[in-house]
Amino acid sequence: MTTWLFRRLIQALFVILAMTVIVFLGVNVIGDPVEILISPDADQAERARAIIALGLDKPLWQQYLIFLQGALHGDLGRSFVFNEPALRLIGQRMPATMELAVTAVLLSIVLGIPLGLYAGLYPDSILGRSAMAGSILGFSLPTFWVGLMFIMVFAVELGWLPSTGRGATAAFLGVQWSFLTRDGLAHMAMPALNLSLGNIALVLRLTRAGVRENLPMDYVRFARAKGLSPARVVFVHVMKNILIPIVTVIGLEFGSTIAFSVVTESVFAWPGMGKLIIDSINVLDRPVIVAYLMMIVFLFIVINLIVDLLYTALDPRVRLESRQ
Amino acid sequence: PAMAQTLSLAVSAPVTSIDPHYHTLSPNQSLDAQIFDPLVDMDATAHPVPALAESWKLVDSQTWEFHLRTTNFHNGAPFTAEDVAFTLDRVPRVLNSPGSFSIYTKAVTGVEIVDPHTIRLRTSGVYPLLPIDLTQVSMLSRSIGANPLTEDFNSGKNAIGTGPFKFVAYKPGDRIELDRNDAYWGAKPAWEHVNYRIISNDAARTSALLAGDVSLIDAVPTSDYVKLSKEPKVTLAQIVGLRLIFLWLDHQRDVSPFVEGPNGEKLDHNPLKDLRVRQALSFAINRPAIVSQVMEDSAIPSGQFLPKGSYSYVPDLAAPPYDPARARKLLAEAGYPKGFRITLHGSNDRYVNDAKIIQAVGQMWTRIGVQTKVEALPWASYVGHASKLEYSAFQFGWGTSTGEASNPLRALTATYDAAKGLGTVNRGRYSNPALDQLIDKALVTADDGARETLLQQATRMAMDDVAIIPLHQQKNIWAMRKGLSYTARADEQTRAIDIRPVK
Amino acid sequence: MSDVAAVVREETPFHRFVHEFAESKLAVAGFVVVAIIAFLAVFASVIAPQNPYDLAQLDIMDGRLPPGSVSADGLTFWLGTDDQGRDMLSGILYGLRISLTVGAGSAIIAGIIGSALGLTAAYVGGKIETGIMRLVDLQLSFPAILVALMILAFLGKGVLNVTLALVIVEWARYARTARGAALVERRREYIEAAECLALPRWRVLFRHLLPNCMPPLIVIGTIQIARAITLEATLSFLGLGVPITEPSLGLLIANGYQYMLSGKYWISFYPGIALLVTIVAINLVGDQLRDVLNPRLRR
Amino acid sequence: MSDMTLEVRNLRTHFFTRAGVVRAVEDVSFSVQRGRVLGLVGESGSGKTVTGFSIIRLVDPPGRIAGGSILFHGRDLAKLSEREMRGLRGNRIAMIFQDPMMTLNPVLRIDTQMIETVRAHAKVSHAEARARSRDALGMVGIPSPDERLESYPHQFSGGMRQRVAIAIALLHRPDLIIADEPTTALDVTIQAQILAEVQKLAANVGTALIWITHDLSVVAGLADEIAVMYAGRIVEAGDVATVLDRPSHPYTHGLIGSVPSRNKRGTRLRQIPGMTPSLLDLPEGCAFRARCAYADAACEKDPPTTEPARGHALRCFHPLLEPVA
Amino acid sequence: MSAPVIELRGVSKRFGKSFDIAARLTHRLSGALGRPYKDQTVHAVDTVDLTIRKGEVVGLVGESGCGKSTLGRMVAGIMPPSDGSVLWQGTDIATLSPEAARAVKLKVQMIFQDPYASLNPRLRVAEIVGEAPRVHGMIPRGTFDAYVDAQLHRAGLDPAYKRRYPHQFSGGQRQRIGIARALAVQPEFLVCDEAVAALDVSIQAQILNLFMDLRAELDLTYLFISHDLGVVEHLSDRVVIMYLGRIVEEARAEEIFAHANHPYTQALLSEVPRIEARKKHFVGVKGEIPSPIDRPTGCHFHPRCPHAMPRCAIEAPALREIAPGHRSACHLNT
Ligand SMILES: Nc1ncnc2c1ncn2[C@@H]1O[C@H](COP(=O)(O)OP(=O)(O)OP(=O)(O)O)[C@@H](O)[C@H]1O
Ligand SMILES: Nc1ncnc2c1ncn2[C@@H]1O[C@H](COP(=O)(O)OP(=O)(O)OP(=O)(O)O)[C@@H](O)[C@H]1O
Ligand SMILES: [Mg+2]
Ligand SMILES: [Mg+2]
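Residue numbers (our numbering), protein chains in the order written: chain A, 1 to 324; chain B, 1 to 503; chain C, 1 to 299; chain D, 1 to 325; chain E, 1 to 334.
Hints in this document: simulated from the structure, not taken from any laboratory. There may be inaccurate statements among the hints.
Claimed, not checked - Subject to a maximum C-alpha distance of 25 Å in a straight line, what follows is the list of computed BS3-like cross-link-like pairs (lysine-lysine): (1) B:K273 / B:K388; (2) E:K107 / E:K54; (3) B:K266 / B:K373; (4) B:K273 / B:K373; (5) B:K420 / B:K106; (6) B:K482 / B:K230; (7) D:K200 / E:K286; (8) B:K503 / B:K482; (9) D:K264 / E:K54; (10) B:K329 / B:K373; (11) B:K57 / B:K106; (12) D:K264 / E:K280; (13) E:K279 / D:K200; (14) B:K171 / B:K157; (15) B:K338 / B:K266; (16) D:K200 / E:K54; (17) A:K58 / B:K388; (18) B:K388 / B:K373.
Here chain A stands alone, though its shape is the one from the complex (with noise of 0.2 Å):
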């Protein structure tokens, strides 16, 4: 456990310092903040003051020295456009993603497992065979498209949901979330669902493999034999056999899922931080991208200890050492 935990963590440092690198070259090579930054209005006295006020006159070695130095006293930078710290802005915008991401994926586990289920259980019924296939559109249509159908449907004809936008919101510590109040659970429904639309597709599909692969498995007939109810059979014996793949996918998709919340944000003008790094990226704000991305270097190294401690819960024959 404890090598276990080194490991993770010594990868981890790699892995950030590649990606700070990386992005710090990679924002160069696009082009020049400054460039984007400054008013068109401004002369070019008033362009060099600025370049020297973003620290952008320096050589790029020496702003990512700056940089390593700061991230050591735990200061990824300001944001050049926000001007404020980078991590304050991402910490402010990422309540609102994490609780978009979260209810997805939950969205996923509440409609994909039991759909998956059945499907599994009965491939040959009808409810089954639709799940499956409207599975395939689920991850078929572009999420943008989607998410304009759902606003035009159920925002503008129907009029049942807001059209965009995160609503009321209320404090639980210390941090506003939506889904404590009616208002904000409503703003909440369309974007939610349209992010986990490929999820649920995801986990249903998942489910059925399992079931599909687990039932004909010699401990399953034990199970049986044993003169168990059907339903303890599926729902303790296969089902927890089913959950570690399941939990192992949520585990990785959850990161994508932050990642790609960016269409859905957009869409939605859901103000969470997909939004922010999108526009981040628009502007050449480089510390906001670099402390988003450390940010989600870092989301991904708990979720992946998370997984695999899940992983360990579910299935004992697995011990942390023995996985790389």
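Place chains B, C, D and E with the ligands on chain A using the hints.
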């Protein structure tokens, strides 16, 4: 009831800071206008009007005197000349500012407080544009303490202005909440609360209006313009804006990187330096077609920097006519009977329909024999390349924040000169000494009438020489729920105070 | 002894595979659709009434015409036109070509690179394996959109560059899958047998190990093609896709997207349908492949 | 014969696959008495497992019991409802599988897997069920059963897992245990431990036991009666001595002959030529005839079951009469 | 006595994880915290000496996980030993040039347990059998088909089937293909690792007969690994008994079965089910087979041994000759 007292509106561009002096970014300035006031304001058609200064005049050729209004800041502190001095002192000292407002205050070389309601500002030379420059500078209260930090504006601590609304909360990327300032010096705002929301995605913004989540949106997408104008629940407000969409051509190099002969061979000269070629390229463009088909009538064809009605607008300078026959003839005369090949660059996420416009231009140029390849890039990388002068023909837009032609003339068409601060964004490196002289002269002409004539002459000269190829002037369009009215503004700002229920 | 025949018919694994694949009518239908789509894409230049990428053939005066309209030159736009006056039918046919090229191209290249690395990692082990797998981790923790943006900014837009970007985004998944499969197969006795017969290492790797690791790779290959096509569409939506003058299906949808509210549905709808049909068909094939190629579900 | 625990009559279990009907069990009859051990032997694919699953009615589609009766204490199991059947499974009839690595659910603790079995058939408290489980573990010779209850299957060796499976089978002291090759995957010394355990239990509890195996040597020492299966049918059955020492069916004879210890060291073994036939659409007639030295035209018809001696059943037109060397 | 073909001298094989920085860091850390690191090394084979002579059949018996396959692999040259040396006709394989090592490797071939996993499912039979000889240039041009036919025929398969794939054969037939594959490179030595364990009794007899026929025909030497004492007894000249990585007893076959010396061998023999037995009373050696990660000290068998003495837990008994050609490792013998 209470609901009616709340106005939700949605703008397209994100506000990045509440600090009115942090970044010369129009979305920020648009928001600032709700909370803060400048000394001199712009009216809807971009003419200067009194704001915190009730009047101003030149005392001598280098000194301006402003008479200040008697009013209070949101925190009750009275507005005085001290606050003006405080503000002017602060502007150049904002930490980490990527785009400082000092470009609007740097002409001021001395401040003299005559009495609490009179202040004199001195400039180093004759500077007739000072009142116009000051339209961009919001006045702060010195009661917020010396060296106010940008963060403290975002939290609300420093967001104390004299404007029609008081700051309540800032949720970055989402909304800014405002309350009415009941002590406002101007007309009383119609709304007790304002939700100033940010919805960048065009379709989402329109949907939000249609779904009734917001009552007004700005930057109505061109594709929805026609539909919304027919929608019974919605009314529109529009005005021809100050933003010109135009094309740059490479005026400088002898061999331009993206120009080739008609069969792809290298050329040892740059056809774009030939006036006839530039004229041909301009006549080849069917501006009305672009306006009707691409912009869906939310623009007007243009042949100069400013829309009609602006100061220094040239009344008889119409948009160049669509004349492919003449274009072909000019090309032949210039020695390109078979045309040539060119790549037209542009952004795809910056201006309204930017990528579509250059495709349309590409079609049109191809039709006169200039085989055009069109390339559109995200602004973030495009602007860097363009500023490094890597392209031969490329699209840009220019919003004349000052509402008069000296601004684009200086920035776009004056010869690039870092020392004098001229030609700052002259990315075609157009250079015409005669034009430079005219501009120089206009800038030190204090008399408004004489200056206007000079600017009109300069504009005509630049356009005749095809320094840029103007395409169209965008219309600024707001859509709102029936029952509301808005005074459309040429400067694209959305001001809640100008949104009023129809009686 | 051997005079008792084991199985009557001579049957290659391929035959058996085809046979099992054909058991699902839906999958066969999917395959037929994929084949038709591939045909349409390959011969788009012959079939399409217009070359939608040739600016000289477009006229913005024909822009946004509804389906069935006739242009000034007598060309009928069966599916209408987009804002540039591009015949949607032609645009879709050519767009299919781009989408499939980008999708299949990136999936195949990424597949080759990823599997080679994954197999090597599994077979060679040690430091090389650690190195490759850390690279995979790094790649997988990097948001695809940012990678794509950086690459596209570096190289400029273009079908090739989008393909390259997708390759860089995708290869890691293959490497992971290939390594996983190879770790299992490597322990099989036939690999030991090959080693015992002193066959050269590369031969063991590519002739014995690789073919047996193909099933999972083929399965994720089909899924990745579909993924790549949608990812390309998303990149286009974010303004990072293929050049606007050579629109893929995704870009057509993204372009038409803004017209959805104004009732000019065809600009986005028909390419959407084409994309949907393509991806559904590919996934149907992929689903059946997964079942057929999965040894655990083998009957 | 009032002690008859199970009597299977003319059982047929068929698999209706796409490729055709697999007659996995065809006209199988046998019986087991209280406290007795029946060894069911045969080569791979001869239908032993399917017979076992048919008895506890766990044949999954496309398989189906196509005929015959399974009388358990006189009740025909083939006619019971699924619910009634569930009440018997694990309760009156238990089954032990071949591969101890696969039969226990890898992700559930031993106590969970045992307690759920107890509570499926007896209305007892959790603690009570746990106590019973612990006793059962003790009975099969697992040291410190209290701690072992908390373990997961993977923490056990193969032999211990098989003992856990046996303990689970014993929880309700069933009348019949079907053991499907439970020691095949185990080492010799461990196999002996399990066999010793089973012998003791059968003797003490009076359970009837069906011991399925392909290893004649194992049943030789364990079983009272032997039934030899070939291609879905029982070709010869009887008490151990009769079948092993004086086999009448050429297949049984060949099978016993090919066991190395029945041959002189270092000599060629006696072998049955050819291979086991596929059960898919097996033609009529004796299934063994292609490999049989005595086969003739008569064998193209199904041989009937005869009883050459009391308690000895045979399906052959050409029974061998001399005893094995 | 004929010359030795294979000699193992003090051969050991350990499997362990390689230590990276993180692992070393933890070791140091847990060491500092007073919790010494638990060694996870698998000692699969532990200082084994074994000589196999030309033309012999040596049976290797032992329970699951005792290192039989590992030993077989080292003999077949698939796996290098961690310690000690493997000698082929007197020369250490490790010192050979790559060329010579390859030639030796081909001389020792292996027949595997699982007839399903040991054939590449994607190759035709002809390719499976003929690939190696062709790659190694053992068949003249144009004679490929004839060569493969001959190999298949020798293994008792109809050459007409050579264009088929493995899945189209039964287990017994597959095992014949595996044998043909091994014979195709003209080996002198066969390692049969549980080569008949997966086969039905009636098929097993066929394959065992084939092995005996081939021995006579090709003058092969065998290392015959099996846990089935009956099979080993029938086939072997000499029998080697392994327990947990070590050889515990070794003797001529008759000798072992008549006068087993080591308590483990005795237990093994008494537990083997015999078809002659009737209503046998099974006893069972007490205890479980220990794991090669966590081996008992001293004699590996002592926790289960009925004759265990205090010394057995401390000192590992050496393998010593107790009768001519009969070696045993037990403290009872001293
Ligand atoms: N689900 C199924 N579908 C089709 N055929 C089946 C199925 N299950 C079993 N069979 C067939 O039934 C026959 C008998 O199988 P069974 O498992 O009873 O054999 P067995 O005697 O137990 O063999 P082994 O010793 O290998 O366990 C085999 O030919 C097998 O192919
Ligand atoms: N590649 C490997 N990595 C780690 N441990 C291994 C490896 N190969 C074998 N072992 C371990 O070495 C020990 C001996 O294995 P080996 O396969 O030689 O045993 P065996 O006697 O052949 O057993 P069986 O009868 O089960 O085949 C076992 O504990 C096994 O787990
Ligand atoms: Mg069986
Ligand atoms: Mg082995």
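Structure-based check of all given hints:
Restraint check: the Cα-Cα separation between K273 of chain B and K388 of chain B comes to about 19 Å, which is no more than 25 Å; the hinted pair holds. As the CA atoms of K107 of chain E and K54 of chain E are separated by approximately 13 Å, the hinted pair is consistent with the 25 Å bound. The hinted pair formed by K266 of chain B and K373 of chain B meets the criterion: a straight-line CA distance of about 16 Å does not exceed 25 Å. Restraint check for K273 of chain B and K373 of chain B: the C-alpha separation of about 20 Å stays at or below 25 Å, so the hint holds.
Of the supplied pair hints, the one linking K420 of chain B and K106 of chain B holds, its CA atoms being roughly 14 Å apart against a limit of 25 Å. Restraint check: the Cα-Cα separation between K482 of chain B and K230 of chain B comes to about 12 Å, which is no more than 25 Å; the hinted pair holds. Our distance criterion of 25 Å between C-alpha atoms is met by K200 of chain D and K286 of chain E, whose separation comes to about 16 Å. Proposed proximity of K503 of chain B and K482 of chain B is supported: the alpha carbons are some 12 Å apart, at most 25 Å.
Proximity of K264 of chain D to K54 of chain E is assessed by CA-CA distance (about 24 Å); at most 25 Å being required, the pair is judged to hold. Distance restraint check for K329 of chain B and K373 of chain B: the Cα-Cα separation of roughly 22 Å lies within the 25 Å cut-off, and the hinted pair is therefore satisfied. The suggested pairing of K57 of chain B with K106 of chain B holds, with an alpha-carbon distance near 19 Å, which does not exceed 25 Å. Our distance criterion of 25 Å between C-alpha atoms is met by K264 of chain D and K280 of chain E, whose separation comes to about 23 Å.
Restraint check for K279 of chain E and K200 of chain D: the C-alpha separation of about 12 Å stays at or below 25 Å, so the hint holds. Between K171 of chain B and K157 of chain B the alpha-carbon distance is near 15 Å, which keeps this suggested pair within the 25 Å criterion. Between K338 of chain B and K266 of chain B, the direct Cα distance comes to roughly 15 Å. Compliance with the 25 Å bound is thereby established for this hinted pair. In summary, the hint linking K200 of chain D to K54 of chain E is not supported, as the alpha carbons are separated by about 48 Å, beyond the 25 Å threshold.
The suggested pairing of K58 of chain A with K388 of chain B holds, with an alpha-carbon distance near 19 Å, which does not exceed 25 Å. Taking the CA atoms of K388 of chain B and K373 of chain B, the gap is near 20 Å; set against the 25 Å cutoff, the hint holds.
Going down the numbered hints, you'll see the structure goes against just number 16.
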